[in-house]
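J.: Below are the chains, spelled out letter by letter.
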Amino acid sequence: MIERIQQLREEAQMAIAGAPSSEALEELRVRYLGRRAELPVMLRGVAQLPAQERGAVGRAANEARQALEALIAERSSALQERELDTRLRGEGIDVTLPGAPAQPVGRLHVLTATARELEDIFMGLGFTVLEGPEVETVHYNFDALNHAPAHPARAETDTFYISDEVVLRTHTSPMQVRAMEAHPPPLYVVIPGRVYRPDSDATHTPQFHQIEGLAVDEDITLADLKGTLLAFARTVFGEQREVRLRPHFFPFTEPSVEVDVSCFHCSGNGFMRDGSRCALCKGEGWLEVLGAGEVDPDVYRHIPTTERNAPGYDPERVQGYAWGMGVERIAMLRHGFPDLRLLFENDVRFLEQFR
Amino acid sequence: MRVPLEWLREYCDPPLGVEEIEERLTMTGTKVEAVHRHGVAGVEGFVVGRVLDVRAHPQADRLRVCEVDLGGAREGPATIVCGAPNVAAGQRVAVALPGARMPDGSALRAATLRGVASEGMILAEDELQIGPGHEGILVLDGLDGGAPEPGTPLAQLLPLATAVLELEVTPNRPDCLGVYGVARELHAATGAPLAPEPWREDPGSFGPLAGVQVNVECPELNPRFTARLFEGVEIGPSPPWLKARLSAAGQRPINNVVDITNYVMWLTGQPLHAFDFDWVAGGRLTVRRAHEGERVVTLDGEQRALDEEMVVIEDGEGPTSIAGVMGGERSEVQASTRRVLMEVANWNGPNIHRTSWALGLRSEASSRFEKGLAPEQCTEAQAMAAQLMVALCGARTVPGTIDVGGPGPAPAVIRLRERRVREVLGVPVARARQREILQALGFATADADDGLDVSVPPLRRHDVTREADLIEEVARIDGLERLPATLPRRRGAYGRLTAAQRLRRRALDVLAGRGLYEVVGWTFTSPALADRLRLAPDDERRVRAVPLRNPLSTEHSLLRTTLLGSLLDVAALNVARGVEELRLFEVGTIFASDGAGGQGGAERETGVHEHRSLAVLVRGAVRPASWGEPRPPQADFFAMKALLEALAGALGVEVSCAREPAPAPFLHPGRSARVVAGEELAGEEAAGGEVLGWLGELHPLIARAWELDSAAAAAPGGEGRAPVAMEIDLDRLIALAQHERGYRDLISFPALRQDLAVVLALDVPAAQALAAVRAAGGELLDDAHVFDVYSGPQIGEGRRSLALALSFRSAERTLSDAQVAPLRARIVEALERLGGELRG
Chain A
1 MIERIQQLRE EAQMAIAGAP SSEALEELRV RYLGRRAELP VMLRGVAQLP
51 AQERGAVGRA ANEARQALEA LIAERSSALQ ERELDTRLRG EGIDVTLPGA
101 PAQPVGRLHV LTATARELED IFMGLGFTVL EGPEVETVHY NFDALNHAPA
151 HPARAETDTF YISDEVVLRT HTSPMQVRAM EAHPPPLYVV IPGRVYRPDS
201 DATHTPQFHQ IEGLAVDEDI TLADLKGTLL AFARTVFGEQ REVRLRPHFF
251 PFTEPSVEVD VSCFHCSGNG FMRDGSRCAL CKGEGWLEVL GAGEVDPDVY
301 RHIPTTERNA PGYDPERVQG YAWGMGVERI AMLRHGFPDL RLLFENDVRF
351 LEQFR
Chain B
1001 MRVPLEWLRE YCDPPLGVEE IEERLTMTGT KVEAVHRHGV AGVEGFVVGR
1051 VLDVRAHPQA DRLRVCEVDL GGAREGPATI VCGAPNVAAG QRVAVALPGA
1101 RMPDGSALRA ATLRGVASEG MILAEDELQI GPGHEGILVL DGLDGGAPEP
1151 GTPLAQLLPL ATAVLELEVT PNRPDCLGVY GVARELHAAT GAPLAPEPWR
1201 EDPGSFGPLA GVQVNVECPE LNPRFTARLF EGVEIGPSPP WLKARLSAAG
1251 QRPINNVVDI TNYVMWLTGQ PLHAFDFDWV AGGRLTVRRA HEGERVVTLD
1301 GEQRALDEEM VVIEDGEGPT SIAGVMGGER SEVQASTRRV LMEVANWNGP
1351 NIHRTSWALG LRSEASSRFE KGLAPEQCTE AQAMAAQLMV ALCGARTVPG
1401 TIDVGGPGPA PAVIRLRERR VREVLGVPVA RARQREILQA LGFATADADD
1451 GLDVSVPPLR RHDVTREADL IEEVARIDGL ERLPATLPRR RGAYGRLTAA
1501 QRLRRRALDV LAGRGLYEVV GWTFTSPALA DRLRLAPDDE RRVRAVPLRN
1551 PLSTEHSLLR TTLLGSLLDV AALNVARGVE ELRLFEVGTI FASDGAGGQG
1601 GAERETGVHE HRSLAVLVRG AVRPASWGEP RPPQADFFAM KALLEALAGA
1651 LGVEVSCARE PAPAPFLHPG RSARVVAGEE LAGEEAAGGE VLGWLGELHP
1701 LIARAWELDS AAAAAPGGEG RAPVAMEIDL DRLIALAQHE RGYRDLISFP
1751 ALRQDLAVVL ALDVPAAQAL AAVRAAGGEL LDDAHVFDVY SGPQIGEGRR
1801 SLALALSFRS AERTLSDAQV APLRARIVEA LERLGGELRG
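These protein sequences, in sequence, are chains A and B. Taking the numbering used here, the leading residue of the first sequence gets 1, the next gets one more, and so forth. Taking the numbering used here, the leading residue of the second sequence gets 1001, the next gets one more, and so forth.
Just chain B, same shape as in the assembly (with noise of 0.2 Å):
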């Protein structure tokens, strides 16, 4: 909402700068966006001239040599050269004399024009920024009286400059969508007088209309319906103060009725309709619900297509407008007007930001419509524009109104206890001061026991319906900067974080902690993700996608399954950026349509179940090269697994990995793995564990599809790899984790350390031969892993050897080599009935 100060300070003038003014209106909650200023950089050197004489150019064809009498502004006439072709002997004009700042700030220069020298410029309106008119020089009889003295400051007659406050007006606020309301404002926040409401005075009269014929058939989406008739109406441009304003305010002047209804909307906040009544068929208007599909052409020359929901305005021929949103062109006012039909109505803001979202058309009328205006605004509209039609326009005023539906309901009067405003803010407001408030805001008050009985006036009837409404109105008047800064008292409140949440912020540490970057990728995902990860037509990640009713885009028009998606994406984006070697991790919500019955709580609401994932990949080295270390490893499954581990060991949790069933079509499917909570089992058997997630080698077509492949593959002394990555359910993870652990005593007793090497088939998982280790150790052997693998031509084809490393130990005494004999013999036997050699 654009407000020119000058037109601001008719209502409310305090004796303050436009910054005092801006800071006393956002502090009171009407918050000033911005500062413009509008017409000419200073009023200084803007006077009214008297053509004297035009003479034709010498030079030039279009161009006249003017003799112009400046009064006391200047010795003598001065001699200006002017374009127009309307300035002719006798005018008064608007001259800006050399020095004078034009609107750009730029300072006037006398010029010669085709040889003759020009000592000012008269002026046209646009080059004073009061109307877009460019055609001729604004001519200024008829203004002050009819002929203004030459040399007198054009200031004094026009307003030729003025600051325009951009305010951002809270939707509960359409008061303040119009000048008088922000008066108001003014008025409560800085004490200074408010001028008598501008439409006191109306030329009109209530009572029937005759000749005219409204017939409301939708009276829940039309309260109330005004309109008077005005004849002998003389349709022509607006006087230059009138055009200033709009143009200030950012509207363009049109022609007169035009601009009462703008100037008028401008002022109070409510829109009207001018009508070309000679045009409207049968002189009776209906309002009634569209019909489905019907079509209206509004103003703006556009065909709509409406629905039973929106509201049209129709006469004899059909439908002229559509309510509240846009006038039709038939009926539009025009050059050939006489009788003008004023509509002014009251329409249900929220149909009408219905239809003027359904119908992408938003206007000044509809953006104030939705905001839900009092429908006793209308009779002070109607009052207002009779006065400035009557002014302007020549217009006389027809006995009567038609008036549908009537003001609104009586001023609801709710109760403001005195000790409750202290009890919200934390500081007592006197309760004279409470009173003196909302009567500068239009409210009235009456004393009750324990504070007042407050009536709330109909353009605040919906915004302040409660007593916590006047509290803010109080509050906001009165002065937030007054508050101290107080902290709760939180009897019995302390802060902390859930087990799970601390847990959740040592799985980021420990990768951080690794070397890993943490990104944040986007939840939405594209339907061809399915496809380009390789996804079965079956699979979950691709069925149970949940998709978005109105996506920004198709790309992102899903709710991720996958944290993979968007970490491939930014590893390609990495690497397109020459950053090749990428150690990446995210953790975030994944969601999943709910298929049948979700596990309570918002899922059952919702119907989408969502958790957190937890995804890394890792291109290239597994950490940077150093001048150590030129080549560092590459990152493989094991790297990855690792990582794993380490995630899993931070939060004591057991996990495991599982070659069968192939976890995933987007791995390479002999360097991945399933990840199954619980100790390692031996391969395929390890299905029936409870499935977190998946790890891996990515698959080369994945690696090639986002083109992640082919530095790995010209890695110096790396065999091209395609990068690893996995991805964990972490609210499982979490959810597994051992909180609180016993003591074990390890230390009065020393465990016993024994190695064996022993050879297996390929085919043998360590797994399983760990397990029947373990198996046969019983409750002594305390720890059994792999530290060492070996395979080679010693060994033979098909086979490789396992060095295992055995911890035997008891909890109450010191074991000897003798003791575990038995044991150890017994380990040998169960992996020879593996197929198992000892060697050495």
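Bound-form chain A, shown alone (with noise of 0.2 Å):
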């Protein structure tokens, strides 16, 4: 009898391990474990059995149905997980269709990511955003930055004038006034912000935009002008570029200077590795960014004392440095548009291009 038992047990466990389906793996339950099967009817009759044989043959058919149960049900959940994957398989999609509905991303501007990304760079480097009018008076735009009575920019070919005494802010400058003006020294900020003249061509346009840099402190000097400013280069245009200081004129710095940063197109060699002269700085090596300079002393003396920037700006005991430059600028250079109109002419196709 436990003979049998173990050669059903044997039998069965073939069976159900080579079961192709749940529905035969079902009729195979029915066949080994249903009602009227052999094993279980064979556990019904043990009490009928003599006692001896009584433990030991009741022990084993418990055992082997114990066992197919077991084994039914492990079987029975690998094959209900297959026929799911088989069944979910089938479910398959074009994943290379486009996401649906449309969730759209636009883009800032050029000019405002452009204005922006130069923001938090000179925010890392310690300054503070600052944003003035763009109507300003003749004292701010041009008297206290030391343009001298009849200096050229004041001509109505060169400044838009509302009245004899207001004006539309020809560079950002004039903040730097104000800013001195509320402000106690030591004073670390950038202004952005757009800035107008009469020119229109295809390199200027009667708007523009202009983000001016101001620090001023016991002992800013010129060549924390230029380590600022390579930061500043190496942060937009690479890790390998240069600055060099050109000597230059302004009537608000002295000295003066402008600001080349080394050609990233040629790496700055002038020439591209073909021979050909570099097309983005003409050969030169070297691209226009910025005019600069330590802060002229006359400007220190146009800002009253008040009690809003005690100790003021005695020119003996503090100096600093200010540049300007064109947001235009960088972003042409950056991303090789060639006209500049073409950034207040807003075709949506151009806008789209720039992150």
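All the pointers check out, no bait thrown in.
What follows is a set of in silico ranges between Cβ atoms, one per label pair, in the way DEER data are often shown:
id: 1; chain 1: A; residue 1: 350; chain 2: B; residue 2: 1662; range: 35 to 41 Å
id: 2; chain 1: B; residue 1: 1499; chain 2: A; residue 2: 82; range: 55 to 61 Å
id: 3; chain 1: B; residue 1: 1500; chain 2: A; residue 2: 305; range: 24 to 30 Å
id: 4; chain 1: A; residue 1: 183; chain 2: B; residue 2: 1299; range: 54 to 60 Å
In short, the hints are calculated from the structure, not lab data. Every residue, glycine too, gets a C-beta built ideally from N, C-alpha and C.
Now that you have both chains on their own, put them together as the hints suggest.
T.: Here it is in structure tokens:
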């Protein structure tokens, strides 16, 4: 009898392991463990066996039944998983279609994005961001910035006038003066904003954007200016860049410099690998990027000392640098578009190119 | 300023090529904008020839066949065909041999002209770019002490080819508007020796000048006036070397006297004017302010009307020239001139600048005077001119010089502290080096305790007035390349955005993140825009627009009072180019003249109020079509309002819409609203809140005026809506933003949600129903909003069903239906008082 149990157990084990589907497995369960199947029937008949056999046979039959039940459960879950998997595979989709419905992402204008990037660079260097009025007085736009009364920039050919004393600012520099009037030294600010000059051609638009920088402390040197602008140049144009300062003239800085950045297109060589002249820097190896200098002592002399900015700006006790760069110029250099006017035309196909 | 290198090298000749000179000048502050080549492309093959014989060409009347002795340059005479009428036997001429490279870079070839082989070319001056002359060949007799030997390389006699430096001279450096001034820079920049001043020998003399009277009535505008008289002047062409230099400098040679004035101006930076003294009526000149409306005919033949700020020079018959700007026709030097009065004067720079701009008349002279020259330059230019008048025109100097005003003030002495140089630059420059640099630039120095006492030469009087200016001189010549790159110490400084700046960035990011493109429009707008936008005569956007006094055009003559104009223009441009679906926004400044008393700050000073505005325009679908949504919904009022809510939500501001009063004449009167600060009130009643802007569908007439309507009408499934737009005062919106919010426990006790559907008349705004619900619901009613709107036959004409979601919440306990039942009953009663009927 025990032999028969063993035989049944082995036979069933083999069949269960080979069951091809859930239905086939169910048939096997009925065949081996159903009410009328041999094993359960034997189990039920254990009571009728002689006492000395009862224990051994009962134990063997019970063990066989439990083993088969466990085996069926295990096989069943494996089969179900496989069958689910087969069904899910049949539900496959074309994952190469685009997402839907569309979740479009727009863009900031390239000028906004560029200005923001520049602000962030200088914030990292410890500057705060200040903004000021676009309509300015002649006092802040020229007088306080040490422009002589007959300076050509004041002419109506160079400045938009609203009245004799009120202009559209021609640069962001008036905010240098307003900033120093409002805050005591040390002062580290960048001033982004729109400025205006009556020029209109492929390289000039009557409105454009600048970012001004001003740092005034006890001991800010021309070498500090170079270091600050080197950090800017490397962040914007690449780690390999160098800057050079060229002497120049501005009424409100002394010494004044123009700042060139080594050309990122030809790595400052002026020529490409194929020997052709670099189209970006025209073979110069350098790109003119901005104007700068040490703040002219006469600018400090225009700053009245008040409660707001005490102890004030005594040129013997403070010194600093200032610079101003064109946002359009930086954006054009970085992105390589040819005509300034594209920026204000706002063709969507132009706008969507920039991130 | 064009400086021929050949000319520059006469005074300072460093052993450097043109590129190195360019680099040194640029890096010391005289930027070389470009280097041009002037003259022939190579000096080889250009030689002196002597014409041995001239005979007629057998085939052509206008051509002659010449036998030309080329000395050692060729064995035996060459046969050259020449078309010039003035060629004659015995002349020394300039010859180009086959292979010689002409100014345009081409190589001359031996050619056969009408059957006669020509073995070279006899040159006219224009063919060498020496001057404009092409009438006849260049005759060299008289050069090089009379008779240059045939075969002599032409380059030994004439500046045949030179590089020309085009310099950008900054307005503070009028001394560099002369070749010698540039030579001084080159001397300082390279250490190469500087030749003595070329005007140090003066054939003229000082003291009274008989027969000439000069009267200066306005010395404040004419600090110095000098004049010298030359007799026996023979007017003729200038010698080729002078023509060549002037041509290379970009000046057209005219005759010897005029060329001398131009040459001396180019050399010294000081303009001169030559009068035909026999045409100076009465032999006297008066310098005076012009009378208002006085008219003068200038050398260019134009009649000019003057004002009292302008200065004229007049003789016995009236004004002859506009001082410092342009001479007059009457006393112009001409072929018959025998006596020349050479005027060299110093004029007030700002006044000349004003005159030249006011008359629209700029000349080489005015562009120099306006930068402020030194009175001392007058006598330098007189000396130089006298040398040339004697040498080139056979003139005799009449003893004496008219000199009204005399030299300028004594040189200023400025202390340059040695340590200050280090403090400003960040690196030390030894005192000896400072001294060396300043002396090379023409400054005199004396040693002082802590540095140098520096006296400023007259030419630098206006530019160098303070220690800082001397530091710049030292820095630029010592070399800015030497500066290390350091960073400021930044004591106590840290970079950050203000809360308002951060929120502004967030506002832009929210809109861009919702698929909108930012545009940047023009600040300038047209007066016609107010009418195009259908603005009322008293609309603030019309009456407070700020006009420019000097606009570039009428279309750009006002400062914008709304962003809508530029946004519509951008939309129209894109639609015209075939981009039909547009989702655009702009953040920019708008302006209004400040009627009565601004809000302080810049406004009080300028009378113009300005603030940042934000505007959005959407045309077509709310989002791009996709395969999963081929026809996305068209943007309408509510799509725009959803953008407003997203924007306000991101900033933490409560805003609402109010239909009445009508927000703007450019909007659809039924589908538009004022945007008001604060929570949604009952429609019309909201007018008391702070108005932040407007929102709505554009008026169909506006859409048509900008041609934005056609495609929308034709859009599949679209009902032809006009674009929708909004404009918000961004500065105010941000000012209302709540930066920080306290914590509320929304987790411990869940909210109880109940829905309610109520049928109301169409003219009861949702906001009114919600306001009634909130008032009735009391503190436990945490939120109430509309989640469905339905109208249809079951509801009945003129009515609609609003489905409201009510959310009750207590901070102390979990609420049950039974606990909120009385509140719900009160809410239902409140809705019934509005004529509402509960559904279902």
